[in-house]
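Chemist: Here is how the chains run, residue by residue.
Number of protein chains: 4
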Amino acid sequence: MIIVMKNNTVEEEINKIKRKMESLGCEIHESRGKNYHLLGLVGDTSKIDPSQIEANRNVDKLMFVQEPYKKANRLFHPEDSVVNVNGREIGGKKFIVIAGPCSVESEQQILSIAEDIRESGASFLRGGAYKPRTSPYSFQGLQDEGLELLKLAREKTGLPIVTELMSPDKIEKFIEDVDIIQIGARNMQNFDLLKEVGRTQKPVLLKRGMSATIEELLMAAEYIMSEGNERVILCERGIRTFEKYTRNTLDLSAIPVIKKHSHLPVIVDPSHAGGLWWLVEPLAKAALTVGADGLMIEVHNDPANARCDGQQSIKPERFNCLMEKLRRLAKVENKEL
Amino acid sequence: MIIVMKNNTVEEEINKIKRKMESLGCEIHESRGKNYHLLGLVGDTSKIDPSQIEANRNVDKLMFVQEPYKKANRLFHPEDSVVNVNGREIGGKKFIVIAGPCSVESEQQILSIAEDIRESGASFLRGGAYKPRTSPYSFQGLQDEGLELLKLAREKTGLPIVTELMSPDKIEKFIEDVDIIQIGARNMQNFDLLKEVGRTQKPVLLKRGMSATIEELLMAAEYIMSEGNERVILCERGIRTFEKYTRNTLDLSAIPVIKKHSHLPVIVDPSHAGGLWWLVEPLAKAALTVGADGLMIEVHNDPANARCDGQQSIKPERFNCLMEKLRRLAKVENKEL
Amino acid sequence: MIIVMKNNTVEEEINKIKRKMESLGCEIHESRGKNYHLLGLVGDTSKIDPSQIEANRNVDKLMFVQEPYKKANRLFHPEDSVVNVNGREIGGKKFIVIAGPCSVESEQQILSIAEDIRESGASFLRGGAYKPRTSPYSFQGLQDEGLELLKLAREKTGLPIVTELMSPDKIEKFIEDVDIIQIGARNMQNFDLLKEVGRTQKPVLLKRGMSATIEELLMAAEYIMSEGNERVILCERGIRTFEKYTRNTLDLSAIPVIKKHSHLPVIVDPSHAGGLWWLVEPLAKAALTVGADGLMIEVHNDPANARCDGQQSIKPERFNCLMEKLRRLAKVENKEL
Amino acid sequence: MIIVMKNNTVEEEINKIKRKMESLGCEIHESRGKNYHLLGLVGDTSKIDPSQIEANRNVDKLMFVQEPYKKANRLFHPEDSVVNVNGREIGGKKFIVIAGPCSVESEQQILSIAEDIRESGASFLRGGAYKPRTSPYSFQGLQDEGLELLKLAREKTGLPIVTELMSPDKIEKFIEDVDIIQIGARNMQNFDLLKEVGRTQKPVLLKRGMSATIEELLMAAEYIMSEGNERVILCERGIRTFEKYTRNTLDLSAIPVIKKHSHLPVIVDPSHAGGLWWLVEPLAKAALTVGADGLMIEVHNDPANARCDGQQSIKPERFNCLMEKLRRLAKVENKEL
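Residue numbers (full-length UniProt numbering), protein chains in the order written: chain A, 1 to 337; chain B, 1 to 337; chain C, 1 to 337; chain D, 1 to 337.
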């Protein structure tokens, strides 16, 4: 961390700050130019709260040399992390596919889709039981009943299940019943919820917030990891931009950038990103080529009558055909699918 | 709601959609151009989930004529809402000021600040007890102890207290102890939390999310109101933009826009918006002139040593001087301060 | 176009608007709901200026059924456009690669790079002669001398040349000397410049503005095409977002979206998008897989000493290796490279 | 400027960079931590092109201590600049109002509006002759004829005229005929145009680009000033955000921020910002209170039939009434209006 002091700050004030920083265990390197005066802090600055320094009226600004995340940082953990879920690995050489409907609607629906995607080669089943909806008047998911149906589908197909947790009071149920706990984009900075899943040992699928930077995504992962749970899988699902033809803009450069700065596995959700079924195939293929560890894809047997997000769901036949194309690309890219 | 069908959709498919919409209680007005075919829905469309129509592969797009919010909508409630908090009114002719430190730090601190702001004319005391912080390694607030200190300050000064609720499991405590429950920007779409405060009869101060549109803010208010609690106060606190000199960009045009579309009172937080203490005065004055119902301002007796956000806090003397200037402007603008 | 009238507009005002629209050659379909009143315009609305209708105080808002672009619209030109440049095709089955340095620096530099990229399989040479720079104190390009060096490189290698035009007063020179005229991101809405290149018959490479929507990009193409020049190639080069690790965010979903709405060829610039050399390879591969018609890549023989943008340039050897990988992917994707 | 070297960079490479920087006239302060190695440059770094350092593969990142603009920087010019236009001052204690129609439409129109706004107290007349329009099919302004009508209006009313220059080839005409040359938002980074007006001695009204940061706006001013013309007036006119109710989001915090970093006068355009006539009054008042040096307001005698942007224009009577309110606020704020 580097402190830029204001011009003409009196010596006494500079000494005060220096003593304060030294008392926090930092060594100080001073550097003076014609129009500026810098204090470089050497040592472990991760415990220093920047806003406490910025509050000093003689400080012009702060500049950060190191990333604010530690456990999620590749610098301190150079090897790729691989998350093992009931014997299935996420990360490393593997390219995994999570598929299923936006929301669980009925026993017949979820069993039929689960069977179809398993046959096409998906390795995890997704399905919403508790749904975050923009309008209070929209379908909010089948709730507990939806979770029971997911468990039934797991029993029949052997596919581990992924579903979203929205409130800390369901955590016991999720630990018991779910294989991967999903934290949705709108809750990426719901810090109490992050701490809650951080206290479990369940794999967590953490989606990037709609306007979150990659640093903020990694800080959200840090919240979970700092509580003791290091089994975090990141998910890029599109960010908000000015573009109107698509619901969000998929940020595929986030994949190599995250891989450079962090050791955590990262997958891509092409369905939510564009919000349009005909974008799923090209974006899924691009996600594989750009280096993602997997995909999360919405598949529905009857999109036109889906209770939510049918416009971004593809049918099982189309999903099967997409898996075929992904396998051909995976071979070129040396990924195991 | 208007459904734009794709070119060349066969008659049979159009009839299917028409029958479906009619079964939902809508009358249909059809309109055909050379290159398009529209179905206008007349009647109460608020219960129709748009994604269920967009999912139809023959639908090109949907266009919305009416706003998706009802209880927050001025159309159905032309008079300004006034929220009464322990005898103090927010909305209408009043211009109120909420002031206090970012976080409660000690008995001495909160009592001293509370006393100062009351004397300067503030009508509510703010102070964070449970703090949402970007880093898990930053100060997270004094928690329950902070809330006790706020109660003590209320007892000594008579000022009603405002503090942020982060998790549903504290709701009983907040109903008991707090005068206005604040929902922070990061939780604006934490729908389970919104429903929870919607089930109480406590006034709720709802902050706009960092990248939220005004429609999304009003839909978040709708979540609270649809559960039965109509005592919602909105708060503009800056939105994320590309600008780097300020932490966020205060959207002052949001005030007249919200007042046009909704009957709810709306206040402005100039401290969080800019993130810089020297911006508080000009932005506070502009907020009054643009038509806000009040302000929320961070005041600290020792900003340089504040445990959080000291760089955006002003000292009690400066606050006093600001209140003086606000009173002069209030007179020109016919507001009671 | 659909006009949403305000509630309670008197009949006389509605009739006025109807007569005005009819006088412009539109037929009108009226539709009344409980809380709204719509006028749907049937006929050619492309000549109606929306702001002239919105200005009417009885109009609540306008909704658009059709896209505002015509010549760039796939609706009226279903076949893919292929732009032929000196016998080389851009669009259709081809996947082309434009490569070269950010700016032309010397004869030795441009000849050496041109030779290298030609051997690796690039089909066009890029190089900046007139450079748009954020600071007036930065290197502004070799100007006319740079253009002469590009011509020399073309003579030696046979590669057609692409370079940026910044001002209308160079247009004669560019018509004479350049094979593809580039319009940079900052000039995407420099309408006088667009009209100028629209009056030539030169192929134009039009880059998307940093914060432009796809519709705005297509409207910029429309400016060129409406003057008579239909040889437009679009280029996605990253848009401004809140992300800080990358200079811009490459919007790869723009490729399938543009291909759906327009018949024009579209290529991708992975060098400017991320601004980081190690992002070029993964993004270039993803661009091919997502369906782009080609790439524009910065290659420099000595990036560490490049006069601009060295941090996003790759060396000829790395470029050669990338071309190898692209060829393997092109085979899977049925593209000719 | 501070260079952050990558971990484990060998001594030889560090020495190479140090020698290169020293050869550019900088002194170097070195600072090593456990996980980083910094080189602080002391001296005049304004001539060093950052991209030339970032290109070095051993450099992790650059951090900037000083602003990149010099002539526009308050640091080197502590006094407020006042631009004198035909005896009328912009900046300092004055609060000026520029008013007039979006585009000049006829002699009758411009004369009538000019007369009205002069009587209400405006000090400059605006009016578009050459119009930048998103669609090539929209009205492009009366061009040269429009300019002649503006001159006529100046002759009749004595009001100096402001109009937009879109292309360098009109510069002679503008020097001759116009009192303040406006550079529009879309041309804020049209560097050739900036240099062109920089070579004149005409006052330039420079509008902030739709997605430009304040630093970019000041760098655009720097382009003009570095050519010798220091008579620059800045104009905040709204930035692009995700908000849909307003065309752009007026950034009023930009005013005190610009005043802190620069000595140039800055005015506000509330008409373009919101794009809605009923927003003009509250935003104009807020602009005065927040500290702007003036306003630019669209006034039209018949908005419903205006040839462009009628929805954001106010009528002369409303303008007159607004001026009254502004005068009352100006008195409180100690501004001369």
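Just so you know, the hints here were simulated from the structure itself, not pulled from any lab data. Note that the structure is predicted; figures quoted are calculated from it, not measured. Be a bit skeptical, because a hint or two may be false.
Identical copies look the same in the list; a pair holds intra-copy or inter-copy alike.
Said to hold, decoys possible - Keeping only pairs whose Cα atoms sit at most 25 Å apart, straight-line, the calculated DSS-like set for lysine-lysine is: (1) K6 to K47; (2) K6 to K170; (3) K331 to K94; (4) K34 to K325; (5) K61 to K34; (6) K61 to K195; (7) K259 to K315; (8) K61 to K259.
Chemist: Are the hints correct? Go through all of them and say.
Modeler: How the hints compare with the structure:
1. K6 to K47: Classified as both: same-chain Cα gap 24 Å, cross-chain 23 Å, threshold 25 Å.
2. K6 to K170: Neither. Shortest intra-copy (50 Å) and inter-copy (43 Å) distances fail the 25 Å Cα cut-off.
3. K331 to K94: both (12 Å within a copy, 23 Å between copies)
4. K34 to K325: neither (61 Å within a copy, 39 Å between copies)
5. K61 to K34: Both: 17 Å inside a chain and 23 Å across chains, each within 25 Å.
6. K61 to K195: neither (31 Å within a copy, 32 Å between copies)
7. K259 to K315: Classified as between: cross-chain Cα gap 23 Å, same-chain 32 Å, threshold 25 Å.
8. K61 to K259: For K61 and K259, the Cα distance is within 25 Å only across copies (18 Å; inside one copy 30 Å).
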